[in-house]
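J.: Sequence:
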Amino acid sequence: MGCFGSKEKEDPNKKTTEKAYSWDNRKNIDPKDFTIDGLNDGLVIRKPGSIDGQQFIIQNCSNSRIYLFDHIAAITVDDCSNCQIIIGPVKSSIFIRDCENCKFIVACQQFRTRDCSKLDVLLLCTTQPIIEASAKLKFGCYQFYYDGIEEQFEKSQLGLFCNNWSNIHDFTPVSDKANWSLIDEDCDVIEMFPGLQSKEDNQQEPELAELKISSKVEDSVVMLTHGSRKRKFSDTCFIVVFHCDTV
1 MGCFGSKEKE
11 DPNKKTTEKA
21 YSWDNRKNID
31 PKDFTIDGLN
41 DGLVIRKPGS
51 IDGQQFIIQN
61 CSNSRIYLFD
71 HIAAITVDDC
81 SNCQIIIGPV
91 KSSIFIRDCE
101 NCKFIVACQQ
111 FRTRDCSKLD
121 VLLLCTTQPI
131 IEASAKLKFG
141 CYQFYYDGIE
151 EQFEKSQLGL
161 FCNNWSNIHD
171 FTPVSDKANW
181 SLIDEDCDVI
191 EMFPGLQSKE
201 DNQQEPELAE
211 LKISSKVEDS
221 VVMLTHGSRK
231 RKFSDTCFIV
241 VFHCDTV
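The numbering of the sequence shown is UniProt numbering, which starts it at 1 and goes up by one.
Honestly, the hints are just simulated from the structure, not real lab data.
All residues carry an ideal CB built from backbone N, CA and C; glycine is no exception.
Among these hints, one or two may not hold up.
Stated by the list, open to error - Here are the in silico distance ranges between beta carbons for each label pair: (1) Asn40 to Asp245: 52 to 60 angstroms; (2) Asp245 to Pro31: 47 to 55 angstroms; (3) Glu132 to Asp184: 23 to 31 angstroms.
Model the full structure from these sequences, guided by the hints.
T.: Now the structure itself:
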């Protein structure tokens with residue numbers, strides 16, 4: 001009979017296994033792999049799976065095309081000019097600061113600009129977009145597709161039917177004119193972003209062919225909405241469609 005403080009004698013031949021902790025399985029992430037800094041007259045294409053939900057930074061870029069075809073946790077875009085930037089589904093926020101003459105396609109939970117001018121944005125935002133100290137901004141409804149984007153929307157947990165793209169809140173309004181307006185409803189996305197698809201004089205970048213990019217309304221995972229535009233017709237209707245598994 002052992003005493004109160006005794007313990008079983010350890011078997012020297014018994015194999016022991018070390019405890020596994022979640023941080024032991026964490027990936028070694030280099031922030032440089034998720035940063036585009038100082039790109040001038042360049043083209044960067046990040047294909048699906050290359051970002052995989054990490055945070056991302058774009059800064060100090062000019063006259064460049066930046067295409068991020070993957071889902072992202074959050075992203076900041078700082079001090080960029082004359083750039084075309086396409087961003088995959090963003091789980092939380094995009095913050096654009098000190099940018100001018102840029103075009104964006106982005107889907108996110110939160111959208112905010114500060115000290116920006118002359119931006120064209122095709123947007124899906126599940127909350128109210130906010131602009132601050134910004135002018136000559138134009139917004140349109142997100143209409144875009146590439147291979148794998150449906151799964152990326154699921155991973156980013158963005159609602160496809162909650163789009164406040166035209167419900168802009170201006171923190172710094174001016175009395176004589178609005179700081180933002182709406183993009184023409186008939187705008188051609190491919191003309192806004194040359195090189196995405198082959199069209200007349202615009203030739204598609206070879207790396208993009210496998211992504212099956214489309215800006216057609218019928219291909220977009222996000223429904224086209226009219227936004228805050230004035231209605232072209234006075235008559236309106238409401239249609240409800242019920243799904244039934246049996247006929």
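J.: Any hints this thing doesn't respect? Which numbers, in order?
T.: Every hint satisfied by this model.
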